[in-house]
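There are 4 protein chains.
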Amino acid sequence: MLVEQLLRPYGANKFEIVEKKGLGHPDTLCDGISDAISRSLSKYYIDHFGHILHHNVDKVLLIGGRSRPEFGGGEILRPLAIVIGGRATDDADGTKIPVNDIAKEATEKFLKKTVNNLNGHFTVEPRIGMGSTELRSLVGRVVANDTSIGLGYAPLSHLEENVTKIEPLMRSVKGVGEDVKIMGIRKGNGIQLTMASAIVSKYIEDMEQYNDTKRKVEEKVLGYVTPGWADVSAIVNNADKGEDIYLTVTGTSAEMGDDGETGRGNRPNGLITPGRPMTMEATAGKNPVSHVGKLYNIAANRMAAEIAAFDGVEEAYVYLVSRIGAPLEEPQIKSASIYGKANEKKIEAVIDYWLEHIPDITEDFVKGRL
Amino acid sequence: MLVEQLLRPYGANKFEIVEKKGLGHPDTLCDGISDAISRSLSKYYIDHFGHILHHNVDKVLLIGGRSRPEFGGGEILRPLAIVIGGRATDDADGTKIPVNDIAKEATEKFLKKTVNNLNGHFTVEPRIGMGSTELRSLVGRVVANDTSIGLGYAPLSHLEENVTKIEPLMRSVKGVGEDVKIMGIRKGNGIQLTMASAIVSKYIEDMEQYNDTKRKVEEKVLGYVTPGWADVSAIVNNADKGEDIYLTVTGTSAEMGDDGETGRGNRPNGLITPGRPMTMEATAGKNPVSHVGKLYNIAANRMAAEIAAFDGVEEAYVYLVSRIGAPLEEPQIKSASIYGKANEKKIEAVIDYWLEHIPDITEDFVKGRL
Amino acid sequence: MLVEQLLRPYGANKFEIVEKKGLGHPDTLCDGISDAISRSLSKYYIDHFGHILHHNVDKVLLIGGRSRPEFGGGEILRPLAIVIGGRATDDADGTKIPVNDIAKEATEKFLKKTVNNLNGHFTVEPRIGMGSTELRSLVGRVVANDTSIGLGYAPLSHLEENVTKIEPLMRSVKGVGEDVKIMGIRKGNGIQLTMASAIVSKYIEDMEQYNDTKRKVEEKVLGYVTPGWADVSAIVNNADKGEDIYLTVTGTSAEMGDDGETGRGNRPNGLITPGRPMTMEATAGKNPVSHVGKLYNIAANRMAAEIAAFDGVEEAYVYLVSRIGAPLEEPQIKSASIYGKANEKKIEAVIDYWLEHIPDITEDFVKGRL
Amino acid sequence: MLVEQLLRPYGANKFEIVEKKGLGHPDTLCDGISDAISRSLSKYYIDHFGHILHHNVDKVLLIGGRSRPEFGGGEILRPLAIVIGGRATDDADGTKIPVNDIAKEATEKFLKKTVNNLNGHFTVEPRIGMGSTELRSLVGRVVANDTSIGLGYAPLSHLEENVTKIEPLMRSVKGVGEDVKIMGIRKGNGIQLTMASAIVSKYIEDMEQYNDTKRKVEEKVLGYVTPGWADVSAIVNNADKGEDIYLTVTGTSAEMGDDGETGRGNRPNGLITPGRPMTMEATAGKNPVSHVGKLYNIAANRMAAEIAAFDGVEEAYVYLVSRIGAPLEEPQIKSASIYGKANEKKIEAVIDYWLEHIPDITEDFVKGRL
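Protein chains in written order, with the working numbering: chain A, 1 to 370; chain B, 1 to 370; chain C, 1 to 370; chain D, 1 to 370.
Okay, chain A solo, but in the shape it has when bound:
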């Protein structure tokens, strides 16, 4: 156990950059599909075999469609195609498991629930393979399946909190689709919010209403964040030029050629924070029993949150690195960076507690509580 003392908290930096891809962004959709499939598979495995069998569906590719949006309507010319890579156990003690159909149904349900105006304009191509035999069963051997990094921090900075809240706020404006994106920049005590919103054509009659909708988003965002900052600018769809605007039939840019992939968007805390420690691991779609790339990242965020709640601690980062083949509770590195006064024993206790309670994370995931 290593504990590093930080010399300056993150919020004291002169500048800060935070990005968030919204619920309907193609990359976020791929993450959502990966997790929906993993959750459905896990439930099926538990129902039929008593425990979760090996799977890893963290490789979803969304191939964008083609659309012809127009004020008051428009149409989809070519639907989105969802190609599902990855692996899953499809045969347990000779019993066949309809892996591809489970994946297809989970994808369909997820997209129906998540993108209001998508209306079935997508195809699903499950191409899930089978892993090597020795990986297929997880019974009684919860050891790390890879050498992976887990990482978390707490608390969110003021800007990070704002960006987190702005995302659903933008989507609550009538006519705004699920595909929004926010780039938040802080310079000193002022912030710039550059936002993109896919506007849904059927709710918008003409250019005037389109511009009204953008203005409403800006006003709502400004109304929400203004009190906290010395200076705020907020702008929506800055690339609009003449007729060339961000109008969509479905509310996601995936309808017109924007592709997505699992693991390319927000990190496990829902943000992209280039100035903070970040993991490259895709947590979405990895199985919640043995896949340290998923479990350590979720765990590290919980650990950091508890440590940051200690009296005297202002900021906490937790780093874990697994040892392939070793039990999950025995990482090859566990360390923390702290701004503030820290009792090392207490920090280690928190980390060890969560390492031993990883099965709780598994259960929370399967029950959809994450």
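Warning: the hint list may mix true and false statements.
The list treats identical chains as interchangeable, and a pair is accepted whether it falls inside one copy or across any two copies.
Claimed, not checked - Keeping only pairs whose Cα atoms sit at most 27 Å apart, straight-line, the calculated BS3-like set for lysine-lysine is:
hint	residue 1	residue 2
1	K187	K345
2	K43	K187
3	K202	K113
4	K165	K341
5	K202	K109
Since the hints were made in silico from the structure, they are not lab data.
Knowing the structure of chain A, use the given hints to seat chains B, C and D on it.
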């Protein structure tokens, strides 16, 4: 222009984590394919139209195959499938461009050149779409096509340098395939190197020779790094257990179900460094003319290298954020973090120089000099 | 050369059955796509290499889409998917040939030209492979590439002529799509015409207009055929029941799940005639230089037509069977069945003439004159 | 009911042509897969819902692979791809049916059982869609789902019988694969048998053994047929030239680019007989409850067999044409052609009997007794 003074250099941290996915790792292969296609398209566009037309092929999905490796031989049961998403201009002034065939050929050449024992055991499915009309031509308007983050730092830490060099070293041992992976951890002045090496079955007669090969890799790596550290451990294929070893027909785990995606592996400097500032942008496959997600990241690394070379500067980080629709040389944020003594004017001069010389980066990319 | 004397002409049979799948029927579309690709490839090969190289694209699968037709409009929910199997030379003396792009473009042009209201609602998946090396070049060796049967007859019966003419007649009624189908039955001197017509929803306001359109088709058909028969019945879309009618957005049933395949529809003379000699060969998509399955069927129809034009010959059938590896002009069987008085020498002269003039058929095909 | 008197039996013709594609021919494999899927679906529907639900999987496309056969071994470079089109009910009263997984499993089992040396070298892509709602349930309404033709005849000619028996005979020679093909030609009282046999490389050491194997096939076939004919010639793999021989790794030409499609090969009686009445209907894969295109063809063959067994009848052909929307037992045409003395009442009685016993055919199909 904002310059931040750092209070401690990276190397003074108590611990450090660096990961590198080798040349034949499924994610690295996808990056390589994306860039090979982008380079081929760029050349074709230049040859036929005088300038590079819009394209973005940063979405490649590699679906792993199935194999039956055995000492001295083995066979591929199902080849790898390469699904190529993304967009590219396929019609310029009424002239059709064979986009999918260019992509297919570039992929085939790249894989042939990169994975020695793959022997054509793969299929290519180009599914490249066309972007919305207004994006197709780039003539005379090199403005940012998105709000993206670029980021670079210099110099590499001692561990980062070691990990960078170890990768080709491992592959130089006879019998080792292109798919290697290194996780490097530093605690104080000691390091642990956890390595994975896909061993190529046809070069290996039996278990003894397999173990010999692993030992040779460890020895070669130890021989190389030992002088610099107080304490070094190096281990290869730690998950091997009995008959269950990392033996492959082709030298890449993609042959047996390990999938890959563009943008999921190494960052633009060839490493994954969770404790350092990192970008989530996939640079591979993005067009080298207007795609800031590619250009700013390459530029920021060059800027950081020049700044770190100043007298009195020990470490430099550069951050850029583009403004969608604005010229590339006018980012909405340009800032640097410095450990050492820095003349702000000189730092800004370096950054501005490279912002104005982005076309040089484009050319270097097309000519394969990056 | 064998000549058989028939004892009764076809038209003297008590009954007769003839089927014709119209221009926009899924199977006919697949035939059309196969031939469009073969024609485009042939032109490309001639332009670039001076002669036609080996190809065979007689395996096209059309996977039907999903639609929601409604009076006055409706929409396509999932487009048709065209999967193109087969083989073609893609490398000649080291020069690469963009086979898949040629196939894609030919398919797109064909569908655009053929189905008026399809509006791009389809995807194309070219999956053309390469044949074994020795087949790739056809230079100087026009020998049969298989043991295949060619077969033709003349003249068409009265019913067959009627059915041939009815197909475009049906499609000339406003609101009728390209996907029509005719089953013609003759019992003695009376005929029953059972017809199906995909009605295009955007031209039809309500059920009344739908029924009007069906009536117009029936009237037009009856007006055309009535003079020739003692008794005629004609009915369109007999399966309509209440709201359950044959309404489509695009004018082809392929929009809602009806699949098609090359070689499953009309025979080379445009008809399905179960009581007449018929070949199972798909002529569509086969290369027009060495593929006897295509050439012998076209040739046999021409031979039969010329023989049937002899004085004293009322009906002629020609049968050819190739000998694999032998020159095209040396079939292992050439025979004819004749009703009427026939001079065997003259019959053989006609057959031999066409066997020696097969290159004319090749040229007619490439120039689109068939 | 129409009965036509034939003036000459088929066997009295001067010549005759019969073709048979063997068990492992790509087209026959597609037919087999279609029927295997239909049988599996039917069983699943019966087990779970008490009766067979709507499906039609008569559109299978086999895309050939790529191989490198060599004496004593060789390898598969790219596996066969099986694309499964068609439609099936996947939702009954809210219960989901794993249609694609059933199709995949049925395909895998069928290929494993049918092609001995295929060893899993294939991929399966189920792309089965759902039909329009009104077609999904078949409960209580066994009416014709299309206007289709059914056709059968009996008995087989002497040549037809020979060709039928030769197919398994060829495959019984060691080293011969499942993909065989026979073209049988009769001229007067002599026959020519042109045969193709895919030879399996692992059983064959060199060119001598290859030629031995061909000779054995020829001898076995000649030994079997010789007594019945005045003159017989039999030749295997006539296209062999030097090194260019018909050697395969798996025993089917599908391994090296030969594609296949359902419905393109043998007719319901297992033969292609261009000089006889033939149907173009694919019977394979069509549902065995309402799909007249399947049922009428099977029924017509049974009817013809019973009629041909009457005293005084030498040859019988039965023709049926369904009326879409009408009960299966009420075709719009039922007729027979007879050589010999026929009691029309008895003929009609046989036809009516089988029209009323179509459910027996359904059951025989599901139980695999056809």
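Here's how the hints hold up against the structure:
no.	hint	verdict
1	K187 <-> K345	between (37 Å within a copy, 19 Å between copies)
2	K43 <-> K187	neither (46 Å within a copy, 40 Å between copies)
3	K202 <-> K113	within (19 Å within a copy, 31 Å between copies)
4	K165 <-> K341	neither (30 Å within a copy, 39 Å between copies)
5	K202 <-> K109	within (23 Å within a copy, 31 Å between copies)
Going through the hint list in order, the structure does not satisfy hints 2, 4.
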